[in-house]
Amino acid sequence: MKVPTAILTLIIGILITLASLWVSQNNGLLPIAAAAEATEIDRLFTAMLAIATGLFLLVQGALLYSLFAFRRQPDDATDAEPIHGDVSLEIVWTAIPAMLVLWLGIYSFDVYQSIDSVGTMGSHNMAHQHGEMEMVAADQGSDSTRLVVDQSDVSPDPLSPAVATETVEPLQVNVDGLQYAWLFTYPDTGIISGELHLPVNRPVTLNITARDVIHAFWVPEFRLKQDAVPGQVTHLNFQPTEEGVYPVICAELCGAYHGAMKTRSIVHSGPEYQAWVDSQLVANTSRETVAQSVTTSPLEHHAAAMGLPDHLHESHQSDLAQAKHSPSAS
Amino acid sequence: MTEAQAPAPHLEEVEVTPWREYFSFSTDHKVIGIQYLVTSFVFYLIGGLLAELVRTELATPASDFVQRETYNELFTMHATIMIFLWIIPTLTGGFGNFLVPLMIGARDMAFPKLNAIAFWIIPPTSILLLCSFFVGPASAGWTSYPPLSLMTNKAGEAIWILGVILLGTSSIMAGLNFLVTILKMRIPSMTLNDMPLFCWAMLATSALQLVATPVLSGAMVLLGFDLLVGTNFFNPAGGGDPIVYQHMFWFYSHPAVYIMILPAFGLISEILPVHARKPIFGYQAIAYSSIAISFLGLIVWAHHMFTSGTPDWLRMFFMIATMVIAVPTGIKVFSWVATVWGGKLNLCSAMLFGMAFVSMFVVGGLSGVMVASVPFDIHVHDTYFVVAHLHYVLFGGSVFGIYAGLYHWFPKMTGRMLNEFWGKVHFAMTFVGFNICFLPMHVLGLQGMNRRIAEYDPKFAALNLVCTIGSYILAVSTVPFVVNAVWSWLAGPKANSNPWKGLTLEWTVPSPPPVENFEEDPVLAIGPYDYGTPKALDFVAATLALPTPALAADSSE
Amino acid sequence: MQGSTADQNQTDITYAATVETAEHHSEHPDLRLFGFIVFLVSESMLFLGLFVAYFAFRVVTPNWPPEGTEELELMLPGINTIILISSSFVIHKADTAIKKSGDVKAARLWFAITIAMGATFLAGQVYEYNHLGFGLTTNLFASTFYLLTGFHGLHVFVGLLLMSAVLWRSRVPGHYSETSHFGIEATEVYWHFVDVIWIILFLILYLL
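Those protein sequences? They're chains A, B and C, same order as listed.
Under the working numbering, the residues of the first sequence are numbered -11 to 318, in order.
Under the working numbering, the residues of the second sequence are numbered 956 to 1512, in order.
Under the working numbering, the residues of the third sequence are numbered 338 to 545, in order.
With the rest of the complex left out, here is chain A (with noise of 0.2 Å):
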């Protein structure tokens, strides 16, 4: 019966660990991964959720034995024995956090910097990049003004897994994000769209902002998220992966109909990308269809109050050419 309490915990320790490892590898909690960086993020979360289980199971184990084994004898009135600490313990439960907390720290960092979303980590591209960034004012009326963005150099960050294999130029989409809607640029054809269709394994950059109030560009399953900042540009770099239909949300309060605030994201197979792009610019040809076929319902109800775009846009040109707040500049 009798059985050491050296080897207890051990069996303890292990069967925790155990626990804890199956079930990070086995949660199933987040959405299909359809990007490359999200299966480095979804690494991240396994290993996070490990080590969650693991103390989560010490804690709650320790509480729950305590409240069984510990409880007070209806006859005893006597206190418990005084013991006031244990420095050496104290220190295994200092020193321990402070550990994983460091490799935590440091492995969270090494995803951040080879997903590389927002483009600038080790690299000065995206600066140049955004010097040469200019304004086209066009078509005030429908279609207010997009941005238009020279990419000649533009290479690929080596840093990346993601990319690394790919020569592919990243393709660049313009994301302006208004009450309640989102809008798609397409820079090198000049597509305008309401739905973000792009091609599987190329790597996409998206420049984003925003007309009247701060809204948030989110797709669960790229696991990619970037406020769109009224005045502001800011990028999400990443590479699709999986062919599909994906909701891209609004993921920052931005008014009554916020929860409405939705599109779709497409990830088509490269000819079928390229039927649909040859399919828009026939389209585009007459420009009225394709401001009807955006300005749908929602969008043309808001348009009108919508006064401040334009003005915004003009105000900061200056502003967004120096790409002020890109977090390269500073």
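Hints are not guaranteed to be accurate.
What the hints assert, rightly or not - Between beta-carbon pairs, the in silico distance windows are: (1) 1478(B) <-> -10(A): 46 to 56 Å; (2) 1470(B) <-> 509(C): 24 to 34 Å; (3) 61(A) <-> 1434(B): 27 to 37 Å; (4) 976(B) <-> 515(C): 38 to 48 Å; (5) 412(C) <-> 1471(B): 55 to 65 Å; (6) 1068(B) <-> 545(C): 39 to 49 Å; (7) 974(B) <-> 6(A): 53 to 63 Å.
Quick caveat, the hints were computed from the structure, so don't treat them as lab data.
Values in this document were obtained by computation on a predicted structure and should not be read as measured data.
Where a beta carbon is used, it is the ideal one built from N, C-alpha and C, also for glycine.
Starting from the known structure of chain A, fit chains B and C onto it as the hints suggest.
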């Protein structure tokens, strides 16, 4: 010895605060403490009602219960009330006022009048905030990010800004009072290292209140000018920068999280040893970790802004700083577990809530470390994962801590015992309801449900319904508590001066304590957690020999 | 229980330099000045927040001040600065007078002079406001300028009120004495605080 066995010798009658005193501009710290507790509990019920309306809307995927605008107003006011009118006033104003002077052997706070003013700012301000429902209250979230906050419900937003400035002022006054009281008013025999841990926690909290709150006021002034005068500090349409607001706001509002949890840490550090009949494990580690948390809490604010276009080096700095907070917090949690371990647990309602606090706070703490990691936060920021996290910290943490404190000190405050049976019913319902309500939210957030939305993807319907049911259980769970508290206050069994056999100084005075607390300055006879020593037995025996005050309702008994 | 390290730790956090030496009596000592200084620490965080916000706006705006904003005149604010800084020395005279010899009359005189100097400063400020080429809402620079100087001006005004209150109270003989002079001392500390804030303001708004 849970209830009603008070041997209570009637040696002499002690004067008891007449009930009218509680409605007056009293400068007695105990009266002010109870004024805070009762007022803020009323707002807890109001804030809870708003939360129930929010959850009712979310019971189904469509926006079908209230108007979309109304929905935004509801969650904005829910957060504002719960933070500024419930948790902060209860923990600092309520427990801090009642306990700190008693625990350090002082007759009152350092500045009694300032103390009363700090409290009396709250009722008019809260009525003002509630009145904003007549003009359409603020609806841009409690974070009130511009430019959205500049564009919706102007009158409501203006009231909200004024309200936050006033409540902030009240909080600064209270913080100033606590800091001076704790540093300067202790009995001579009590060094800082002899203080009960709640006082350490209040010291750390008041430093945060003093340093962080003014920055919020500054942000509110600028926002107010933008809203009412037409300046463009935060409005990009006029050249301003909304991100600066976010920095100023979170410079206060992250420390505010510690203002809301540090005092609860302190309460738990008092309650666990008493009911475990065992000294607190690692006194100094717990004391200094409060100070460490308070300091670190000031330099982590931008982790709320990982997706705001914050520069990379800043994201990394704030990520590391945030994660480091896990170390002092972990020290506390492990110390509490070690305190309970090997004790002789008296599983009364206070102890159950206290242990549940540790258990629930751990969940919030672990998810907190996860959201500190930038790459993961990019996914879950502004989702229900964060909603789950913050409620595990602020409800599972702060509110459980408050309940534990209420059960523990109710006899001292009122001179009467709460009913233990209904206390346990209350505990069971709260614990179960809380977990049903908030645990599924982790999954919802990870799966892709963003927060602050009135309508959501139908695939989340089942889990949301579970959450809503949990929230109803939570709502019902307050009924036994309120009835129990009111009933016991009026006619509960009388409490002796030390029903839990505690060793801190508040148990050395009658229940409820007389005006000016101590007839003569107490001398420290025993450390606050010296359980299991012969000295402790003597101490408790001495406290039990104290007179029992004649309570108001006695004449009718 | 290991006192000294704890005290060190604790003073760092609370910004109070001489905490542990305090004597404890059953009649607790007058803590008002200590409390007032703690309040000013808190108050300075308000200004610090606004200063940092100013720098943030400045950094993110391409041209600061924006083109077309009228240059700030240095002459008047320069004189104003000299007046305000000198007034700190004047008010200190009052403090010395009351502390050394309990000379209420001298203290009243120095306070009156300080009030005059403070009022001159405010008048200069109002004059400057009236002759500036930009208004509160002209642009971000103008807004921050008016807000910071206005907020400081408000503090100067409160200082004048405090000094007037001290003057009013000092009519009663014996209200202030060698040993009891919280009002005078606190007002002086406050005035120095307002002065320091102005020096920082002057540096960042006019000179930088």
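Against the structure, the hints:
no., hint, result
1, 1478(B) <-> -10(A): 46 to 56 Å, "holds (48 Å)"
2, 1470(B) <-> 509(C): 24 to 34 Å, "holds (31 Å)"
3, 61(A) <-> 1434(B): 27 to 37 Å, "holds (33 Å)"
4, 976(B) <-> 515(C): 38 to 48 Å, "holds (39 Å)"
5, 412(C) <-> 1471(B): 55 to 65 Å, "holds (60 Å)"
6, 1068(B) <-> 545(C): 39 to 49 Å, "holds (42 Å)"
7, 974(B) <-> 6(A): 53 to 63 Å, "holds (60 Å)"
The structure meets every hint from the earlier list without exception.
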